[in-house]
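K.L.:
Note that the protein sequences, when read in sequence, are chains A and B. Per our numbering, the very first residue in the first sequence carries number 1; after that it's consecutive. Per our numbering, the very first residue in the second sequence carries number 426; after that it's consecutive.
To be clear, the hints were calculated from the coordinates, so they are not data collected in a lab. Not one of these hints is a red herring.
Straight-line alpha carbon distances no greater than 30 Å define the calculated DSSO-like cross-link-like pairs of lysine-lysine that follow:
1. B:K744 x B:K763
2. A:K350 x A:K296
3. B:K684 x B:K434
4. A:K101 x B:K493
5. A:K123 x A:K72
6. B:K544 x A:K49
7. B:K534 x A:K22
8. B:K534 x A:K47
9. B:K830 x B:K770
10. A:K22 x B:K544
11. B:K573 x B:K655
12. B:K803 x B:K757
13. B:K544 x A:K61
14. A:K261 x B:K465
15. B:K492 x A:K76
16. B:K573 x A:K51
17. A:K101 x B:K492
18. B:K493 x A:K76
19. A:K31 x B:K733
20. B:K856 x B:K892
21. A:K21 x B:K733
22. A:K261 x B:K492
23. B:K534 x A:K31
24. B:K655 x A:K22
25. B:K492 x A:K211
26. A:K48 x B:K730
27. B:K534 x A:K21
28. B:K733 x A:K49
29. B:K571 x A:K21
30. B:K544 x A:K54
31. B:K733 x A:K48
32. A:K21 x B:K573
33. B:K493 x A:K72
The calculated label-pair distances, taken between Cβ atoms and stated as ranges, are:
34. B:K663 x A:T276: 53 to 59 Å
35. B:R705 x A:T15: 36 to 42 Å
36. B:D593 x A:E176: 47 to 53 Å
37. B:R705 x A:L424: 50 to 56 Å
38. B:P708 x A:N289: 56 to 62 Å
39. A:S243 x B:K573: 46 to 52 Å
40. A:S57 x B:N590: 44 to 50 Å
Positions of the beta carbon are idealized from the N, C-alpha and C atoms, including for glycine.
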Amino acid sequence: MKKEAFSHGDLIEITTFEGIKKGTYMPSSEKFLTLKLESGYNIGISKKKIKSIKLISKYKKPKENLCNVSKKKNLKTITILHTGGTIASEVDYNTGAVTAKFTPEELICMFPELSNIANIESKLIRNMFSEDIRFAHYNILAKEIEKASKNSDGIIITHGTDTIGYTAAALSFILENLNIPVILVGAQRSSDRPSTDAAINLICASQFIAKSNFAEVAVCMHENMSDESCLILPGTRTRKCHSSRRDGFKAINSSPIAQVKTDGTINYINSSFSKTSNLNLKLKLIKENLKIGWIKSHPNMYSKELEVYKSFDGLLIEGTGLGHFPINSTDKETKEHSKMLNTIKALTKKIPVAMSTQAISGRINMNVYSTGRLLQEAGVIGNYSDMQPETAYIKLAWLLSNHKKEVKKLFTENLRGEISKRSLE
Amino acid sequence: MNYKNIGFKCGLEVHQQLETHNLFCNCPSLVRDPNNPNIKFNRKLRASAGETGTIDLAAAFETKKGKKIFYEACSTSSCLVECDDEPPHKLNEDAIDTAIMIAMLLNAKIVDQIHVMRKVVVDGSNTTGFQRTMLIATDGYIETSKGKVSIPTICLEEESAQKLNSTDYSITYRLDRLGVPLIEVATGPDIKDPEHAKETASLLGMILRSTNRVKRGIGTIRQDVNLSIKTHPRVEVKGFQELRYMPRVIENEVQRQQKEKSGKPHVRKANPDGTTSFLRPMPGSARMYPETDHPPFEITPNQIKLVKIPELITEKALKLEKKYNLQPSLAKELLENKQFDFLVKRYTKLEPFTIAQILIETPKEIESRLKINASKLKEQDFEFVIKNLNENKIQKSAVINILSKLAENKKVNLADYEVISDTKLEQEVKKIVEANKGASLNAIMGEVMKKLQSKVDGKKAMELIKKFI
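Using the sequences and the hints given, assemble the complete structure.
P.N.:
What follows is the structure, given as structure tokens:
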């Protein structure tokens, strides 16, 4: 194939054995050249068939239009910290490229409603998938929040939805004496589509910050399938319960804090939250090199699965039911289970081993069955806690980072709303 | 009118729904779900920034506020994919096969690698704010009586949601139709005159139906006509109810264009009276970008080979005509009949022509002559009469009588139609002739038929009367 120099966005003419095709050169794969035809359709042309390619004209980048943002004195200031899961993006219909947008001007351009709710500041921290987030990112975010909190009335963190609950829990623990709202916002439908839920989530989060005296970490996502209202979900209680629905986020063993409508109406559901104050924010970061394991109880377990955690700093068990794990040897088929119990005993001598449940909701009670009692005797902590495993995991890491000597005591004490004394849900 | 001289330029766009499940999920491709909607929600759609070039904030705000869009759906025909609460599933392979089949029937070249695109539509007719569409084949053509008509593109796309109602502030859609696979065939501007447009449209319709994989009935196929003359820019005419009115609508539209001095490109609606009326301005060029939720996919030569090219309906009809010596119109109608082949094979004493007539002509006669609704006749009703005719238990003349009774759900007693023996018939006729001495031939015949009804063959009876008079 005879090739001339051309790059993405250039208008080219391709001659193949079947004829001539004209269009825009697009990012292509190894086997196929992607061409955007005049009609707007992309097609892949087998590279084997191409005889020659002629450059017709080079790509000219269209002028960008920026919205002017003028600050309004009577409005609160919200700082938006971006971590990824692009909440705002623009599509270039010439090249099909999707560009993430982060500056306040760009955000106002995309969501003009925001300019009537608050003055917007923003900063790009990372642009990453949330499944890639590590403890180090929690600390980076906490430091940015501390910085931004000095001249903001509230913080919005844009975040991929997969681990938004984990980050909310981590920030809940790290940000001690938090005096402003920190709201995490995600989108289940990407912002490059006209039907994105990003806009409503962002608008409701902004409305909540602008109109409430809430000063905790929370998650703001759709309440139902409609673009009308969002729920403010407690930072240590939020779980992604549906892989794709807009309203896939639920408060576990707890209730939402409030319902927020796009027009700014707030209906409080649970008002026992920390209010805005003059407290001095203190960062209690998570040690970034900690190794915390997490093992889910399942049928046919082997002690080998547990042994890998010998070199770890802590282990969370996601047990069955009230907090159980296969440790009973009742017949010849369950011989392995005695080994399991011994391995747990060996682990608890070195590291904290905490129990949570894989049941979707409910509390740990390791007194009801002998299994639970044996586990307690073996040194497993976490009895009577109603923390969801995600929060329990983060809390274990945070305690080991900041209260190493009191892990056993504090793990089952309520510090950030992660444990409730009464079971109501 | 000399259409060449006025610079007549005309092309068609045909949209045909496919008979399969939805394009990007496993919901049945129901166009009208009879159930009551049990899913209701409302949404707002936002055009992506940058496309309007708006800098004025207030203006941007107003345009983006838009109408509130209400949706209703039945869980029998729509799932989270139609609600845009789940990414698209695997692309419907049946629909791809059908698209390839159609592309081959239209002599088109199938694209090496297909890219699913998002065509931005923010009126709410797609919950996503875009229509998923893909270019399947290019550079096809069909032969018509007035030469080749080119088919530059064949696309496969999602059908939109059905609009229920609209106010200044809101608009309501039903989701049952959303996601039904749709083939779009576009012709080049090669149509020579209004009659040629009808011919081309009907030819395309026949080719699409030949696949046996397309939906049938009102609204399942839609034709748009693109039309311009030297002195008037392109106008798109939508909403043809019946193909036979197409030439008249085009003629009227040409005359309208000739009268209009400074016409602008726009979209018009074909009215039932043959005129057209303004619908909306011409939409800007389609804004398309890749559907990132579905990877591009290759169509291999092997895959193309595996697709069986169906025989065209016209070819099949011709074969049938020749094989059974049928009228062309009867053969064409028989193609739609599922029973014919089976009945011909099973009831060998009857001429295929007789079976064809009973299946196609008799119901028409029941409706036109007896004014009885024949649509309730079931396959077993037809087989019942054909079987008895084959076994010589009834006369051919009894067929219409029996079928009309069955159509009305009345009981049929075969004894009433019993074929009487020749000797008995002779006796009966003799008796009647004697009783009606002096009466005319026709009057006697009337008496014979009254008494013996459908039990006798009219020809035979007449011969006997003549013998005894």
